[in-house]
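> Below are the chains, spelled out letter by letter.
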Amino acid sequence: MAMKSYNPYEIAQAQFDRIADLLKLDQAARDLLRVPTREYHFTIPVHMDDGSVQVFQGFRVQHNDARGPGKGGIRFHPLETIDTVRALAMWMTWKCAVVDVPLGGSKGGVVCDPHNLSARETEQLCRGWVRQISRDVGPHLDVPAPDIMTNPQNMLWMLDEYEAIHGGKYPGFITGKPLSVGGSQGRKEATGYGVVFTIREALKELNREPRNTTASIQGFGNVAQHAIQLYERIGGTVVCVSSWNQADQTAYSFRKASGIRYEELLAATDAFGGIDVAKARDLGYEILPGDAWLEQDVEILIPAALENQITQENAARIHPRAIVLAEGANGPTSPEADTILSERNIFILPDFLANAGGVTCSYFEQVQSNMNYYWDKDEVLGKLDTKMTAAFHAVSDLARNQKLPMRDAAYVISVSRVAQACRDRGWV
Amino acid sequence: MNENQQSVDKLLLELKERAKELNCIYRVEELFSVADITLEEIIRGIVRVIPAGWQYPDVCEARITYAGAIYQTPGFSTAPWELSVNLIVQEEVVGQITVCYTEERPPADVGPFLKEEHKLINTIADRLERRILHETLRTVFESQSQSSRVETDWQVILDLLRRTDPKLLTRISRKMLHLLSWAGVEDADRMLERCGPPSWNDLGGAGEEVNRPSRVNVTQDLQAASQEIFELASRHLGEKEILSKIRAWIKEDRSGFLVKILENPAASLAEIIGAIERFHHLGPEDIELSAPRELTFRVSLIRRILSDDPQFVQMAKRFLDVNNFFELLHRIIYPAGSHGRLGGKSSGLALAWHILQKLGVDVPLLGQFKMPKTWYLTSDGILRFIDYNDLEEIVEHKYESVAQVRQEYPYIVHIFKNSALPPEIMNGLSVALDDVGETPLIVRSSSLLEDRMGTSFAGKYKSLFIANQGPKQQRLSALKDAITEVYASTFGPDPIEYRAERGLVDFHEEMGIMIQEVVGTRIGRYYLPALAGVAFSQNEFRWSRRIRREDGLLRMVPGLGTRAVDRMADDYPILIAPGQPALRVNITLDEKIHYSPKKIDLINLEKNRFETVEIKHLLSEFGDEYPMLNQLVSILRDDRLEQPTGLGIERESDHLVVTFEGLITRTPFIDQVRTALKVLQKEFGRPVDLEFAHDGRDLYLLQCRAQSYGEATQPAVLPREIPQERILFSARRYVSNGVVSGITHIVYVDPQKYAELTHRSDLLAVGRAVGKLNQILPKRQFILMGPGRWGSRGDIRLGVSVSYSDINNSAMLIEIARRQREYVPELSFGTHFFQDLVEASIRYLPLYPDDANILFNEQFLLTTNNTLNSLLPEFAHLSDTIRVIDVPYATGGLVVQILMDAEIDEAVAILTDPSLDLSDPRPERIGTERYSHQNDDHWRWRQQSVEQLAQSLDPDRFGVKALYLIGSTKNATAGPESDIDLLVHVCGSAEQRISLMSWLDGWSICLSHQNYVRTGTKTNGLLDVHIITDEDIQKRRSFAAKIGATTDPARFIPLGKHTSH
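Protein chains in written order, with my numbering: chain V, 1 to 428; chain Z, 429 to 1489.
Hints are computed from structural coordinates only; laboratory data are not their basis.
We treat Cβ as the ideally placed atom computed from N, Cα and C, and that holds for glycine.
Each hint can be trusted.
One-sided excerpt, in silico: chain V residues whose CB lies under 10 angstroms from chain Z:
| hint | residue |
| --- | --- |
| 1 | Ile11 |
| 2 | His77 |
| 3 | Arg187 |
Excised from the complex, chain V in its bound form (with noise of 0.2 angstroms):
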């Protein structure tokens, strides 16, 4: 077909190929890294509420296990296609790399929308992916996770599924469950507290205390709000979060310059990070546009809600004080603004990096399954730690040393971590 379109798996694949250059990869495992090792296509028949049966088709991509089974979410999404599931599958690969954990990467799906799905229905849905694909995925082959509009419960009961098939239990087979069975502690803080690791790093690299740091941050959901705990903890000041307000259908910045106090936001806040307007002005906090918090007079901005949220156009009100950008959330910055930013020696942390905190927990919760013993939550964050420093210190010297922005040196040392595992194992 002539007709072009935007294609995740070629970007993804563009991506690699110029990162591969970089490394001077060989041919052979250019080959084999830029092609999921495994796919797999299958149907999963369900027997619907009114009673017709309904064929569903399902994807399971492997892309590559060279360093450790594979790991990646189940999508449940209507207009699902094959090179999505590849693209996000290589996307993984390159995301347990960079924080060093001993997984492979993996996606896998099913085109449907569960808002057409009945309770059952789903359910059946679930088991039908896990009984088709059961031979092929496991503790210790492939592990699933929630993903696009799959949650605990379709987790629990393809766990179900699979330990009804392999007679045994097997906790470790999937993970993002509830924690009453099998999840870990820490999971709500991982992301949040992952991106702070990594800004407390960073600041010591730029010979800077966090102390004498102030921050700015978009969003008060999940991430965001742990991000402020831990960050206020080491001695920062966040003066400025924006949320979404619901009544009014747009962003508001709250500032204090004195700095914001956490608990006495949260108090005002909705389940979704939306902040009582009347509440804060109350609180003595100036009610800005949405948008303000990109142009605080601050050291430190975390966008930490929606995609493509610093562009081009507003790239340049970014406050001459700031120094450290941190992506917790995905995309961010718009590959033009990402240039604007590297020119202002603003310091980058790639949300591949920065936000690994959750794939890292991830990967604790599988341990903790695996060795049905788990941990409490200092452990877990406590290793969080370890992972995350390690991570950021290992791209950042990387990214010193070869002078390479910090997205790239990421991607650089994720590729050629696994490239040397394909290697180390004789494949190519």
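Add chain Z to chain V, keeping to what the hints say.
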């Protein structure tokens, strides 16, 4: 003065006596209506109750002799002061009633007795005689049915009747004669001719003597002929048959009085109620109704008390019987001489409830519905109220202009609230309050117009909650206040305007009132139901293609149902399709939390008022007391919503989310509502909506009526003969009801071009551009058309990545499913922000342009001038993908209108003249011409006002060079809320500008007030003034770019005489 006092005393004394006598009759009547009571027991009872009915009960004694037995009060002795009457049955003295005083008392009409007492004893005797006769007959019948000797028994009865009740004999004889004649007995025909009423032949068919009055037949003839008739009958009918006929007719005759009252249009409600009570007190042994007579009763009662709408009567007669009315009548409050009815809401509820009760015998789920205790104030109460307070001139008020109505309305409310209710109504209310105690009440309107099928006065008249706490006097006064306020709402601008638009202004509107106990329980200082809501038998908001219209829709909330009935801007009800409760609107955790109710309406018993509070606060304070809380909430734990288990809820630490999950999945609730919707739709013969509330134990039906459509969701009439070039697109799948009118702009995201975008940043930019357009384009006057799923996240090739705030000003969201090479994209049905769309009335439509018989005017969408570049130059690089079409500009003044009819599953978008763009979708349904209240009033008035403003503006004084209009006024699309966008080109000094602004401010406030008077819309100033300078124009900055622009240019408004132009 003294004399006066004396006469008053005398009057009082007399009244007391009458009361005693009446009471005596009642007590006697009560005896007769006891089932299975023997004659002896009745007589003993009468002897007991008599003394209390006489003037001097302490010395009064009574005795009845009958069939050789003597029944008397213990102190009875023969005395000189006695009153006697014989009991005569079949012309034989069978006994006697005697009343005596044992001591002397002052003389009165008859000895010491009053003439009323004389009458009283006769009445009692009469009643007793009938009973004795009845008993005698019964014995005869019984012995007949036991033995075979029946030959002459009917003769005995006839003899008996001849002597006791000749009129009854006449009626029975006539019936027998007709029966024989009908059976083809020729002799009977001849007899009919001789003494019967004129037959049809006499009246017209035969052609002779037509102009002469037909012969008058004296009843006497028939009476004399009765012997002959029955002899004839005995030759043609069996003895048994004759006897059973006579028996049935005698019984049927007993209910004759009720027929008379019901068929008499002059009979008042009081008379009807009296007759029903009498009928009810006839013992079951006295009545035997033939099916047609029973039906006559039903129909008459329905017409007189509920509604005379033929469709309603048709339905109701199958479910409401005379006894149902007896129950109802006890709770009707009515003015003296009332001819009122209960009104639409009350009738609908009564009917629906009885349907559920009757069908509930076989379907227990239906029988489990309860109805809150309800009192009714008849529809003519308001007329009596007006009359009582001399407020007649208010009625003329409806013929005033809406502006006048609006201005005078607060005054009417004031007058009404300060007027008294007539005493008989106040008394009725007092009784009602004694009945309900301190339960909170809702006072609802129930007008006669409301029960006209097809008119929906939903929300037009008031419903008021009252806490009903405190001393009775205070409660009564609050109730009175509420009623007068509901009365006043009859004259409110909204209903008057609504009626005017539908040609109903001449209808003689009367307003009934429903006083209903609020279903609920006390929780701390609050009173509220566990949950409440509305249910529709047809679903107009389907969120999945698997949901069918007939699956219905439930909107429910915790607490009072007000939050489910109304659309809310900042909160959401739980939506469920009762036909498919497993298909939920919200699937992901985020959706479930986001779209869960956060606030609750309730009654604060301490503050005596209706309140809205945060559910979070209510539960943390009183969660333990909340009925069936475990079924209503889920606990957010570990990114998962869990159902509360047996251990219950830790209300301090648990994060509770209202989901109704337990109620939906673990109780028969949904089943119950679905079944009710189904049977009510079937019996009403049309879609219905009902209001319900649940107090934690039972489900209550609060209201039921033919499904009302909001203004926006009435099915539209699709015009059939539209020139093809006027059609923008058509649709034949998943269409809902409604009309979207006055669309001036289309934002079209070309599916082909969108699919060809190769960079993710470009795909994201499309979403951002749409968000910006959402801010610039006129609110609710543009539609968004785009590929696949609006609001896609993650894989945004599937649809434009927008959040609700990026589309919240649009009038309609259209998803286009164009066949791609491999597949037809599955559409989202707006699920990414479905409930936001519902609450904001933003419509949704899916298009399948590749289907057969579908029109899709791609030519228009692709070739019409694209204004994106001038609106958002920063997104010019996307102008291939995003096309913004200024419809009036491109078509010479046309706008787009989208008509949707779910019943035939079809929709069409047409280009139409704005003045023909009727937003009233189906005028012929109501059968009236549309009131000449045109849509284009708003902009025209605005433009004229601006022209006036321009005339009186002194350009030299203020330094004004020119005036322009932009925006909705200029585009002829202004609505009642629109402001007037005024572009003022200035050249003067800063001082001049300040005085100009304050001069314009004055105009703005003044116009805003005028607009309020015209439309009832309150705005904070109407002018939106944009100041521009020469420099702005030169650099084509901001609004200055509109002057002489190619698209949507500003309109020049000539200034007054000093103008420099």
